[in-house]
Amino acid sequence: MSSISGPPPAGPYSSRPTVPAQLSPSERYQASKERTAEAASYLGGFIRTLDFELDDFQRQACRSLQEGRGVLVAAPTGAGKTIVGEFAIYLALERNLKAFYTTPIKALSNQKFAELAEKYGAENVGLLTGDTSINGEAPVVVMTTEVLRNMLYADSASLDDLGFVVMDEVHYLADRFRGAVWEEVIIHLPSEVQVASLSATVSNAEEFGAWLDTVRGDTDIIVSEHRPVPLWQHVMVGKEIVDLFAGETTFDEIAPPADAETGAPVTAAAPEEVAGRGFEVNPDLLAMARSESQQSFRGRFGHGGRSQRRQQRQRGDDRPGQGAQQAGVRKASRPQVIASLDRQDLLPSITFIFSRAGCDAAVAQCVSSGLWLTTEKEQRIIAQRVDEAGQDIPSEDLDVLGFWTWRDGLLRGFAAHHAGMLPTFKEVVEKLFVEGLVKAVFATETLALGVNMPARSVVLEKLDKFNGEAHVDITAGEYTQLTGRAGRRGIDVEGHAVVLWQPGTDPTAVAGLASRRTYPLNSSFRPTYNMSINLLAQFGRARAREILESSFAQFQADRSVVGLARQVRSREESLAGYAKSMTCHLGDFTEYARLRRELSDAENMTSRSKSRARKSLSDDSLARLLPGDVVDVPGGRAPGPAIVLSSDHTSREPRPAVLTLDNQLRRIGTEDLEGPIAPMTRIRIPKSFNAKVPKSRRDLASSARNALRENRPPAATTSSRDIDFGRATALPNQEKRITELRRALRAHPCHGCSEREDHARWSERWWKLRRETDALVRQIQGRTNTIAKTFDRVCDVLSAYGYLETAADGRQSISADGQRLRRIYGEKDLLISQSLRLGAFGDLDAVEVAALASVLVYQAKREDRGLRPRMPSVSLESSVDVVIREWSALEDVEEQNKLPLTGEPELGLVWPMYKWARGRHLQEVLNGTDLAAGDFVRWVKQVIDLLDQLAKIPGLEPRLARLCTEAISLIRRGVVAYSSVV
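Each residue of the sequence shown is one higher than the last, beginning at 129 in the numbering used here.
Hints are not guaranteed to be accurate.
No more than 27 Å apart at the CA atoms, straight line, and that leaves these computed lysine-lysine pairs for DSSO-like [said to hold, decoys possible]: (1) 823 x 989; (2) 234 x 459; (3) 590 x 367; (4) 247 x 234; (5) 367 x 593; (6) 559 x 459; (7) 247 x 559; (8) 234 x 1080; (9) 1043 x 815; (10) 820 x 1043.
Pair ranges (Cβ atoms, derived) [as the list claims (entries may be wrong)]: (11) 497 x 967: 55 to 61 Å; (12) 955 x 793: 25 to 31 Å; (13) 637 x 497: 29 to 35 Å; (14) 637 x 1076: 47 to 53 Å; (15) 283 x 261: 16 to 22 Å; (16) 688 x 748: 41 to 47 Å; (17) 694 x 944: 47 to 53 Å; (18) 883 x 1025: 47 to 53 Å; (19) 668 x 1076: 52 to 58 Å; (20) 731 x 875: 43 to 49 Å; (21) 748 x 924: 52 to 58 Å; (22) 637 x 874: 52 to 58 Å; (23) 164 x 636: 51 to 57 Å; (24) 1076 x 924: 28 to 34 Å.
It is worth saying that the hints were derived from the structure and are not from the lab.
C-beta atoms are modelled at their ideal positions from N, C-alpha and C, and glycine is treated no differently.
Between the sequences and the hints, there should be enough to build the whole structure, so can you do that?
The structure is reproduced here in structure tokens:
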């Protein structure tokens, strides 16, 4: 394995290596000889097809591929990594081999397919994604990584003559949901296939490259920290764009120093380290932050205020900077931000807003402000492109898709870009933006993941985002990934990153983000049911364990064990010193310390037992609640009386749905209670009640208020006053043990030692360090063979369900059900297989099959999860019950085997899918749901992918296979069929 760091080129776009004049005649001769040899090589032929020069890191990576080695290329966004992938394709075609180009997302696959088809001819390039298949046997095929993984497990004939695989955005293997697929592909590709891995700049490229070298053979690591287009950092204060750093400081200059051997960046730079390297944060910004902080302090504690501003005016102190600092900075509106960028010639721009609704609102605000960024000629071109894109969409669907609003924004030069949009709309935005017709795009962070949409400037509205659970600060790696879009190679002389000033903005913290290059690549690999059954079928158990031990996850775990072992040795030496210091002349202080520790633990355990008993009783009381019960919720977001709308007696932590008397729908859990809860009264919920209709909610709340006013008695139940929170059962044995320990402690010889407390302090230190050391030892044990141990537990579950059969001699084989599981790919693979096995699809028609498939695919956002809806048919209701019961049983088995739990089946897509399969219009399908059109199309495509998998399972009941195929034809229509066209 070799490691190469590409030096920065001299020019803004590219550089051809030059021969310095001071070289000796023999050196100049050797350089000339190398150039001549290169010109006659495949690389020379490839270079002649380009209209630009290669950078040094690109040339070095291409040479490695030409010489038969794999490569890992880590370079900033926009540096030109994909040229290396294109050379791999060129090599394959020249050598009459196949090349696969894999991407993490379909949008990037579509984009790359179009580029390569234009370059090499449509007959030579194919596309395979979950729902699209075009020319799949072509010599060059672009595909999502999952498609290649499925090919490898199916031992597809398409793998014959495969010479090169390009893994674009390979850093995606850190993704906790899909990252394992990248490792599966890297491990299972035939050894003769050369892999070109293209990654964003990662801080542990050497570690990742070392693993690639281990599993793939000779692999060169090529790291370039250089941005071909300089990036300048700014903060927008009000309507004014201010430099973040004092002086002329670009992206390359603030980068941490590179390792002399590897070229990889050294550890992250803290803000003070940036200053230490001579890069000073703009003092005007620092002064503004201090002034804002002081103003906030005065405002909170009543100092200053109106009289202070009056005194300032009397002094004539009306300088712009002073006024802004004293009064606080008014944040510029979105139209004002775009107008400021336009005035300074910084368009086109991408503004990252971590909210879909925020992106749409930004376009609407710019349109309503009257701002136009396009010329009449540009508007005519945009109108023609947009109308062409919309001509095949059913006219009745245009309104629900927001087509006219979208078109109006585009004509003015504005567009949103997020996952809730129709894929076709996103593709139009991408093409218009790349051509310079759309000037301002408001996007969510998904745009930063590979889609080729460089801009002159990038704007970050905030430096924090909601991750699904809480608002968290963006990381230095995310900041680099987002701002990396700024600066179009070959077009812009420089790129610009702009952070909007917010109340509380810390310029030093922003400088710290801008100056770090930390993007650690950490494996998310774990054996799944499908992966395990395929490995067992192909290699047997022993070999499968060996293969899993070669994963990057285990490679990283093994490396970390070395450092942990070093810590254990150091701590053991400290423990010996602590033991010496707590020696007592009266007796064994270690034994006395143990008694003290046991007493403390027993007292803590008694306290915890009471708490657990209280929580258990609270859970039990929640599980006993029935629809119509009126309860008094003591805490949480909406305390007070509430009507139970649906019970939840199957979950481990019950969360019944309730309606508060002020008409709010929510779920309550033990965190909202102070103890067990019991109904105050009870009302009848009408069959016609619909929680989504405000009038229904108001009427039900009114009924509850009347019942409370009339003091109607609840159904017979246990009163919370009769419960002692488990004291009667929890206390006796534990209290007896505590008494015995106290007696033994007083009787011990060391109890009378005059230096007892001094010894005890050393003892506490010893115990604390002993626990920490034991924890490190457990970590070492846990990280050794971790993947194989998880694999063994997965195999235990598969055996328990009959997917693995064990012969009398102990050999395992795959059962018929196991063979079926081999062809099911997805996060709920085993649940899907069990649903087939238990006949959940048995009594359904094609429409209902599509609806049930959505239950096994759809994942609702946490805030969108509501009450269980009534199913469209009795047979579908029965099938859903089978799926949910089986999921509950599977979850128990997984919990017992300490495996990640399979996600709960979601019912939120059942009705929309049912209506769509029955031919209803899109408006009617989405009415009453929170689904965006783009989300609906995306989920329908995933349902199509699952149905296609099921239809192709060998040995599947012919009737069900036919129904799956029929269901696909029913739902692949309208906007779904249209958005599948590339």
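Each hint, compared with the structure:
1. 823 x 989: Holds. Residue 823 to residue 989 sits at ~26 Å (cutoff 27 Å).
2. 234 x 459: 37 Å, violated
3. 590 x 367: Answer holds: residue 590 to residue 367 is near 16 Å, not above 27 Å.
4. 247 x 234: Answer holds: residue 247 to residue 234 is near 20 Å, not above 27 Å.
5. 367 x 593: 23 Å, holds
6. 559 x 459: Distance ~32 Å between residue 559 and residue 459 Cα, so the pair is violated.
7. 247 x 559: It holds: about 17 Å lies between the C-alpha atoms, which stays within 27 Å.
8. 234 x 1080: 22 Å, holds
9. 1043 x 815: Holds: residue 1043 and residue 815 sit about 22 Å apart, inside 27 Å.
10. 820 x 1043: Distance of about 18 Å is within 27 Å: holds.
11. 497 x 967: 55 to 61 Å: The hinted range 55 to 61 Å holds for residue 497 and residue 967, with Cβ atoms some 59 Å apart.
12. 955 x 793: 25 to 31 Å: Distance hint for residue 955, residue 793 holds at roughly 28 Å.
13. 637 x 497: 29 to 35 Å: 31 Å, holds
14. 637 x 1076: 47 to 53 Å: 48 Å, holds
15. 283 x 261: 16 to 22 Å: Hint holds: Cβ distance 19 Å, inside 16 to 22 Å.
16. 688 x 748: 41 to 47 Å: 42 Å, holds
17. 694 x 944: 47 to 53 Å: Distance hint for residue 694, residue 944 holds at roughly 51 Å.
18. 883 x 1025: 47 to 53 Å: 51 Å, holds
19. 668 x 1076: 52 to 58 Å: 30 Å, violated
20. 731 x 875: 43 to 49 Å: Given about 19 Å between the Cβ atoms, the range is violated.
21. 748 x 924: 52 to 58 Å: Hint violated: Cβ distance 31 Å, outside 52 to 58 Å.
22. 637 x 874: 52 to 58 Å: 56 Å, holds
23. 164 x 636: 51 to 57 Å: 53 Å, holds
24. 1076 x 924: 28 to 34 Å: 31 Å, holds
In the structure shown, a violation is registered for the earlier hints numbered 2, 6, 19, 20 and 21, in ascending order.
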